[in-house]
Amino acid sequence: MHPAPSVIVFSTLSGLGFGLLFWLGIDPTPPTGLTAFVFFAIAYALSVGGLISSTFHLGHPERAWRALSQWRSSWLSREGVSAVLALLFMGLYAISLIFLEMNATALGLIGAALSLFTVFTTSMIYAQLDTVPRWKTPLTPALYLSFSLAGGALLSGRVNMAILLLVIAAIFQFIWWQRGDAALSDSGTDLGTATGLGERGTVRSMAHPHTAPNYLVKEFIYVIGRKHAQKLRRIAFGLTFVLPIICLLLTFSHVLAIIAVLSHVAGVATSRWLFFAEAEHVVGLYYGMR
Amino acid sequence: MTDLPAKTDRTLGLVIDLDTCVGCHACVISCKGWNTENYGAPLSDQRPYGTEPMGTFLNRVHSYEVQPEQGNAQTVHFPKSCLHCENAPCVTVCPTGASYKRVEDGIVLVNEDHCIGCGLCAWACPYGARELDQAEGVMKKCTLCVDRIYNENLPEEDQIPSCVRTCPAGARHFGDLSDPTSDVSQLVESRGGFDLMPEMGTLPVNKYLPPRLKDSWDDQSLLAPLLEPVAEEPQGFLGWLDKALDKLPGGTA
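Line by line, the protein sequences give chains A and B.
Using our numbering, the first residue of the first sequence is number 37, and each one after it goes up by one.
Using our numbering, the first residue of the second sequence is number 860, and each one after it goes up by one.
Hints listed in this document are in silico derivations from the structure and should not be mistaken for laboratory results.
Note that CB positions come from ideal geometry on N, CA and C, so glycine has one too.
A couple of the hints might just be wrong.
As the list claims (entries may be wrong) - Partial list, derived from the structure: chain A residues whose beta carbon lies under 10 angstroms from chain B: (1) R102; (2) L227; (3) P249.
Claimed, not checked - Quick look at which bits of chain A chain B covers, simulated, 3 or more residues with Cβ under 8 angstroms: (4) 83 to 96; (5) 107 to 114; (6) 123 to 135; (7) 233 to 247; (8) 302 to 313; (9) 316 to 325.
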């Protein structure tokens, strides 16, 4: 799959932003006043920034509001509705904390649940697709949710919780990669089933429909990322989990905390790039590629 | 609404004969022509005379080689367009309701005024039947020539999809696959029509008819007895030449 920068920025930043909103929402003793303002400003910058970025890959961003209409059938629509509701509830919760110094617990809990659900809907956009075997697994929501919760805990300064969740997310990431590498061959879909000619012999693509590539080839068959995939996985793993955990285990300082957060964000972005770049869409089979 | 209809009144679709298709791409060109000049946004081209010329096509013809365990490989030309699936995954993923499946005839269409060009429907389609037009920013797909098949301004013989009308080999057939007595249903029944990627659960309406197995060199032709050589030895002028050349020094092959 083509790794569109806008989608990678979106899923990296929004995941962190909604993760932070979750922890702020369930906090029994949330920050108030200026401290609350800083925390919510960061959370909103990440989540809203990510959402705005996601509209950049649309052919018609001015019609994006229409995407809120089909929540009964479409995960992408559910994501939009859930994000708007989460930001609305958390906005009211934030206003009460910042300006009224009042803890509206119910608003926070509803907002936290919606924030987490938004991350879940994002993951389901990918996990629902039969056409991308690497994504079609309950491990994909587990991956997105654990990343979001770990990142949120890290951003909100919950040191012990962040370490625990980073370890859990690291385990999901490892299993997800392991499973993913065999997903296409395990799916049973190949050029034989794609053409219906597999029972007659070995099917080989002899000539593409056109001499130049097309939208399908550019969107679904992205091979550049595979050359360095293993190295990038190690880099992503080190930045997302290992370095932040080491920073958190050392004596607390703000410098170390900033290093941990920046390293984590860079690592998640690398992991998300691989999420797309390594994914094989079955349309590639028609072109004799993957 | 992007919910799929539980049942459609008719199930219009194509039956494509892989035995007859000669891979001439005439269907590709006529499709591009009709759908650029008629329904919806035109099918744009990018750099048509430059390097890497690209464009939006609703129908593309692949060519495959099938190598059986024994014997000669077989070439199969393979036209591929929207299969108008009964369980169309492209419809249910659409966030705006722009993609829909018609109750009256089962055709899957895109309302281009509501399409935001997110591309998710193309991701959900296992067949590569949807292409995001790079100039218009909306999703394009086969309409089964909905603007021809019901168009009473056209002569009756033209009230079929452009690709079917154009095919010089008669490899493309159009009709109602929910009616077991229709020509297309009969073709599917008698020729063993099959689905592409049945494991995806998309229940495609369009069917493909298998190419017949390739002849073997060892097969005995009905005409073989008629092709027996009438004379084992050359006679007349050739006979004289044969003997004369034999007499020259230098031996024979």
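These are the hints, each one checked on the structure:
no. : hint       : result
1   : R102       : holds (4 angstroms)
2   : L227       : holds (8 angstroms)
3   : P249       : holds (7 angstroms)
4   : 83 to 96   : holds (count 4)
5   : 107 to 114 : holds (count 6)
6   : 123 to 135 : violated (count 0)
7   : 233 to 247 : holds (count 12)
8   : 302 to 313 : violated (count 0)
9   : 316 to 325 : holds (count 5)
In the structure shown, a violation is registered for the earlier hints numbered 6 and 8, in ascending order.
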